[in-house]
Amino acid sequence: KYTSSGTQVFDLAGAANACNEFGSSVDRFVNFYTTGPAPLSGSTYPFKVTKSNSAGTLLWSRTFDLGSALIPQTSGIVADDNGNVYVTCVAYPNYQAAKQVFKLDSSGNLLWSASGFGGSHVAVNGAGTLLYAVGGVRYGEDFGNLTQLDPATGGVIWTRAGANMGNRIVFDANGVYTCTSTGVKKYDGSGNLLWTSALPASTTAYDLATDGTHVFVTGQKTTSSPGAKNVTGALHLSKTDSGGTTVWTTL
Numbered sequence: 588k589y590t591s592s593g594t595q596v597f598d599l600a601g602a603a604n605a606c607n608e609f610g611s612s613v614d615r616f617v618n619f620y621t622t623g624p625a626p627l628s629g630s631t632y633p634f635k636v637t638k639s640n641s642a643g644t645l646l647w648s649r650t651f652d653l654g655s656a657l658i659p660q661t662s663g664i665v666a667d668d669n670g671n672v673y674v675t676c677v678a679y680p681n682y683q684a685a686k687q688v689f690k691l692d693s694s695g696n697l698l699w700s701a702s703g704f705g706g707s708h709v710a711v712n713g714a715g716t717l718l719y720a721v722g723g724v725r726y727g728e729d730f731g732n733l734t735q736l737d738p739a740t741g742g743v744i745w746t747r748a749g750a751n752m753g754n755r756i757v758f759d760a761n762g763v764y765t766c767t768s769t770g771v772k773k774y775d776g777s778g779n780l781l782w783t784s785a786l787p788a789s790t791t792a793y794d795l796a797t798d799g800t801h802v803f804v805t806g807q808k809t810t811s812s813p814g815a816k817n818v819t820g821a822l823h824l825s826k827t828d829s830g831g832t833t834v835w836t837t838l
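The sequence shown lines up with residues 588 to 838 when you count with my numbering.
Just so you know, nobody snuck in bad clues.
Estimated spans, in silico, between C-beta atoms of each pair:
#1 D737 - N779: 18 to 28 Å
#2 T590 - T631: 35 to 45 Å
#3 T631 - S694: 18 to 28 Å
Derived lysine to aspartate or glutamate pairs resembling DMTMM-like cross-links, with alpha carbons at most 25 Å apart:
#4 K808 - D794
#5 K826 - D759
#6 K826 - D798
#7 K826 - D775
#8 K808 - D828
I should point out that these hints are in silico values taken from the structure, not numbers from a laboratory. Virtual Cβ for every residue (Gly too), placed ideally from N, Cα, C.
Based on the sequences and whatever the hints tell you, model everything.
Here you go:
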């Protein structure tokens, strides 16, 4: 953790609340959450979820076992203002197996799990009344799903499956946005595609955020030379309005 001026407050490497994090997030109360694979348990691979306060003190740690020899990759974790935590995972090496979304209460107790959805990222509003999950077969591959779930029960409200649905997700009053490997897609609240905004050539998108009016995307531009592996070039950052028009880009 760092202050706004860049001074390190603490480093939890090797601490009880540290794990091989594949996902992390912070709630409005500055508690932070991590998730990632836990050590092998017998013949199965569990995953771990932790919650710590703003001082870095571990509040709780929970381990969950999918009961499978496949390795879970829990890359998406968010919390609502009531302290409920939502986690999504997909299993490795068979990325089409064990795509699940989990809901934990503020004490880390499992409330429900929904199978066959998500796998990459989840998004929830502060009130905990809107929940979306997105997932590809694996990062950068083409086929995936976008799903709205009932936060209270884990029931499916609607789901869409298709090519390049995205691997990161945010939403605001204007719609639902997913980050694909090549750009941004916007959907309405019923899962209908409204527009696609492509990134410049040779640019890969990794994450996105919204301020309620615009969408911001970060990624990398990759260049290659004959006979050499790909070489990472400049950082990409772009701003797109709610209609899909690029306002500015760093490349």
